[in-house]
Amino acid sequence: MATTQGAARGEATTLPGLAVVSRTGRRRRPSGEAPPLPHPISASGWAYLAVATAVLAAWVLLYLGFGSAPFEALVRADVAVLQRIEALRTDALTPVMLDLHALGSEWTVRGLRWATLVALLALRRFRHLAVFLGITLVVTALTATSSLVVGRLRPLEVEIIGGWEGYSHPSVPVVALGLSLMGILYTLVPGGTWRNRAKWAAGVPIVALIAARLYLGVDHPSDAFVAAVIGMAIPVVAFRLLTPSETFPISYRRGRTAHLDVGGRRGEAIALALYQQLDLTLLDMRPVGLEGSAGSTPLLLKVRHGPEAVESEVFAKLYARSHLRSDRWYKLGRAILYGRLEDEGTFSSVRRLVEYEDYLLRVMGDAGLPVPLSYGFVEITPEREYLIVTEFLAGATQLDEAEVDDGVIDNALEVVRRMWDAGLAHRDLKPANVMVRDGKVLLIDVAFATVRPTPWRQAVDLTNMMLTLALGSSAEKVYERARRLFEPEEIAEALAASRSVTIPSDLRRRLREDGRDLLGQLCALAPRRPPISIQLWSIRRIALTLAVAASVAAAVGLLAFNLRTAGLL
Amino acid sequence: MSTAPRRFGPLAVLALAVLGACAGPDTAIPECQAGGRLAILAQAVPSASMVPCVREMPVGWSFSALDVESGRARFWLDSDRAGVRALEVELAAACDTGGASSVEPEEDRTRRFQRLASLTPRFAGATYDVFEGGCVTYRYELTEGAHIALHSELHEAVSLFPRQTLAAELQDDLGLRLDP
Numbered sequence: 001m002a003t004t005q006g007a008a009r010g011e012a013t014t015l016p017g018l019a020v021v022s023r024t025g026r027r028r029r030p031s032g033e034a035p036p037l038p039h040p041i042s043a044s045g046w047a048y049l050a051v052a053t054a055v056l057a058a059w060v061l062l063y064l065g066f067g068s069a070p071f072e073a074l075v076r077a078d079v080a081v082l083q084r085i086e087a088l089r090t091d092a093l094t095p096v097m098l099d100l101h102a103l104g105s106e107w108t109v110r111g112l113r114w115a116t117l118v119a120l121l122a123l124r125r126f127r128h129l130a131v132f133l134g135i136t137l138v139v140t141a142l143t144a145t146s147s148l149v150v151g152r153l154r155p156l157e158v159e160i161i162g163g164w165e166g167y168s169h170p171s172v173p174v175v176a177l178g179l180s181l182m183g184i185l186y187t188l189v190p191g192g193t194w195r196n197r198a199k200w201a202a203g204v205p206i207v208a209l210i211a212a213r214l215y216l217g218v219d220h221p222s223d224a225f226v227a228a229v230i231g232m233a234i235p236v237v238a239f240r241l242l243t244p245s246e247t248f249p250i251s252y253r254r255g256r257t258a259h260l261d262v263g264g265r266r267g268e269a270i271a272l273a274l275y276q277q278l279d280l281t282l283l284d285m286r287p288v289g290l291e292g293s294a295g296s297t298p299l300l301l302k303v304r305h306g307p308e309a310v311e312s313e314v315f316a317k318l319y320a321r322s323h324l325r326s327d328r329w330y331k332l333g334r335a336i337l338y339g340r341l342e343d344e345g346t347f348s349s350v351r352r353l354v355e356y357e358d359y360l361l362r363v364m365g366d367a368g369l370p371v372p373l374s375y376g377f378v379e380i381t382p383e384r385e386y387l388i389v390t391e392f393l394a395g396a397t398q399l400d401e402a403e404v405d406d407g408v409i410d411n412a413l414e415v416v417r418r419m420w421d422a423g424l425a426h427r428d429l430k431p432a433n434v435m436v437r438d439g440k441v442l443l444i445d446v447a448f449a450t451v452r453p454t455p456w457r458q459a460v461d462l463t464n465m466m467l468t469l470a471l472g473s474s475a476e477k478v479y480e481r482a483r484r485l486f487e488p489e490e491i492a493e494a495l496a497a498s499r500s501v502t503i504p505s506d507l508r509r510r511l512r513e514d515g516r517d518l519l520g521q522l523c524a525l526a527p528r529r530p531p532i533s534i535q536l537w538s539i540r541r542i543a544l545t546l547a548v549a550a551s552v553a554a555a556v557g558l559l560a561f562n563l564r565t566a567g568l569l
Numbered sequence: 570m571s572t573a574p575r576r577f578g579p580l581a582v583l584a585l586a587v588l589g590a591c592a593g594p595d596t597a598i599p600e601c602q603a604g605g606r607l608a609i610l611a612q613a614v615p616s617a618s619m620v621p622c623v624r625e626m627p628v629g630w631s632f633s634a635l636d637v638e639s640g641r642a643r644f645w646l647d648s649d650r651a652g653v654r655a656l657e658v659e660l661a662a663a664c665d666t667g668g669a670s671s672v673e674p675e676e677d678r679t680r681r682f683q684r685l686a687s688l689t690p691r692f693a694g695a696t697y698d699v700f701e702g703g704c705v706t707y708r709y710e711l712t713e714g715a716h717i718a719l720h721s722e723l724h725e726a727v728s729l730f731p732r733q734t735l736a737a738e739l740q741d742d743l744g745l746r747l748d749p
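Residue numbers (the numbering used here), protein chains in the order written: chain A, 1 to 569; chain B, 570 to 749.
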């Protein structure tokens, strides 16, 4: 069995790696075929949805027709059950039930919800936090509104011996407790075995509260049942739709939460997609370089391909909608911070994002830049998840782990010069994205690159590359070598365009750890030039800034109101 | 399938908006007629032989909110001249009428007391209707000058409904007793 190793475009004129990968395999494509990883709502999810729909339908039929025969039948059935429970009251059991009744108290619910909010903030699970708050508000509003619309009396024919508040249907404390516990389950408990166990644990207090309220005669059985559905089924379905475990896994292992779990069904789907769409047989897959990647899940794949069953290692990045949102926020932030210098649109879908990276790899390769070969991308779930597959740069090391001699410095600066000449900018130059193999520089992670960038952005690229190189050598050496390819005025302009915010956070951190004032030393070597203002205003920037400021103000204003509505204040 | 979550939010908001449109504050008005909206006030104070209700809303007045719980029921009326929640009506098993003056009652089998807290800048005070097993307190804060008309209007708006009548209606409608 042969093994091959690719060569980055721009690094060599021959492309032995590309030829070994067949782009399409011959297979029948039945119409209506499901994608490798269909968007999941599990059987239990559908069951929850069916129960919720059935209850809501029954609710509308029974209660909007107040005074009708079905309504009266339900009331009598409820009363009959309550009278049987009333017959079980004893002096010993009543205090126990009164204590259990406290499970639905405002303070219990507030405690649970605040604990969840604080935990989510501490764990920086902002997606889960937003969904939890949203579901809490929606369900609370739904409960309050339906209670008002139905306006049901407390149970008749039985003596009510517990405290109550408001109309009887649906049981507000049961909704509140169910919602709070489901919130904890779906935002803090890892999916799988732990969550399945926790579901049983969560069921105990809910059942206890329902039992207590029926014993005390404050709720009808149908009030409690519908409340359990509203408080549990709706949150479960909403969490599954808005924070699916496959995309937003809950894990307490160390690592960035943006990375997707590639085991289980997703792992099988990746293997299937690679086989069907790129004719690659997946032999092994493992995450690689997670710490240097925030926007995708990088993977090292071992694949078999071609008629000779050649085994190769290829690199892949898995993109999901969560990554798309990260990109949107990132670009919005930059548009506000840099204004006209960085005005840029966002990607409308994950597909567009992956297509763009694939395109950029090809454009940069065509321009003679040393970037990995793109083998294309595969669709895992339409419009939700895609995997871009590129050459794996075997034998390459990150720049900060390699010897940075004159040859490497010259080569790296030539790459920047070539990008300037080709009208390209990488926009994320930092040690983790500059690799070295056999004394030659290779650029990776071109997802943020752009064609026809602003001159300012190209200038920033030069500074970031110089700083990256200086980390492994010295400012004097880098400046001296840079003068071979750039005019002193060009270097001065690049350095004048740099600010703390224009330097990638990873590079900033390494500069801090290094301790030398490398930017200051470079500026001292270059001709004097006043700093270039990065605060250039455009109508778009003003509108965005105002819109964001107004949104933040409105959000803060609404937050207190909504927290009160949701029973958190 | 892929657009389901995107549609979920707007659909939920739309459903809530529709429900909300059906359920304004007026939905909860405890009108002076037998039915669940009034009977729940009677359930809040099982000893009360009468419950307060909204008889007829005078021009310029509107229903604000209802808050009912075991032991107490309250509702508020807004006035375009006296402001938001110009009148609070509270039903409880008992009330403190100390310092209040006895005045002519409007309903049979009740005693009425009145206590003024201030005349200026706002005409504020409380009226108490005391009856068997309960008491209704009317707390008001009215605009000076228009207060005589407003005071008259608020007592026109709110009346007392006999518990016995409510219980009889429920027995007829559902065959169930209000007080077991």
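Source of the hints: derived by calculation from the structure; they are not laboratory data. Every value quoted in this text rests on a predicted model; they were computed, and no experiment measured them. Errors might be hidden in some of the hints.
Part of the chain A face toward chain B, derived, beta carbon under 7 Å [what the hints assert, rightly or not]:
1. GLU72
2. GLY151
3. LEU153
4. GLY163
5. ILE542
6. LEU546
Ranges between beta-carbon positions, derived for each pair [as the list claims (entries may be wrong)]:
7. B:VAL653 x A:TRP194: 46 to 52 Å
8. B:GLU673 x A:ALA102: 45 to 51 Å
9. A:SER348 x B:VAL628: 30 to 36 Å
10. A:ARG89 x B:THR596: 48 to 54 Å
11. A:SER251 x B:GLY640: 45 to 51 Å
12. B:PRO731 x A:ALA550: 50 to 56 Å
13. A:ALA130 x B:VAL653: 29 to 35 Å
14. B:VAL628 x A:ALA555: 38 to 44 Å
15. A:ALA554 x B:THR596: 26 to 32 Å
16. A:ALA115 x B:VAL653: 14 to 20 Å
17. B:GLY640 x A:ARG265: 53 to 59 Å
18. B:GLY640 x A:ARG195: 18 to 24 Å
19. A:ASP261 x B:GLY640: 49 to 55 Å
Some chain A residues well away from chain B (every beta-carbon gap over 10 Å; in silico) [unchecked claim]:
20. VAL79
21. VAL149
22. MET285
23. ARG328
24. TYR359
25. GLY423
26. PRO531
27. TRP537
28. SER538
29. ILE539
Positions of the beta carbon are idealized from the N, C-alpha and C atoms, including for glycine.
Just pull the numbers of the violated hints for me, sorted ascending. Of the numbered hints given earlier, those the structure breaks are 5, 6, 9, 10, 16, 18, 20 and 21, listed in rising order.
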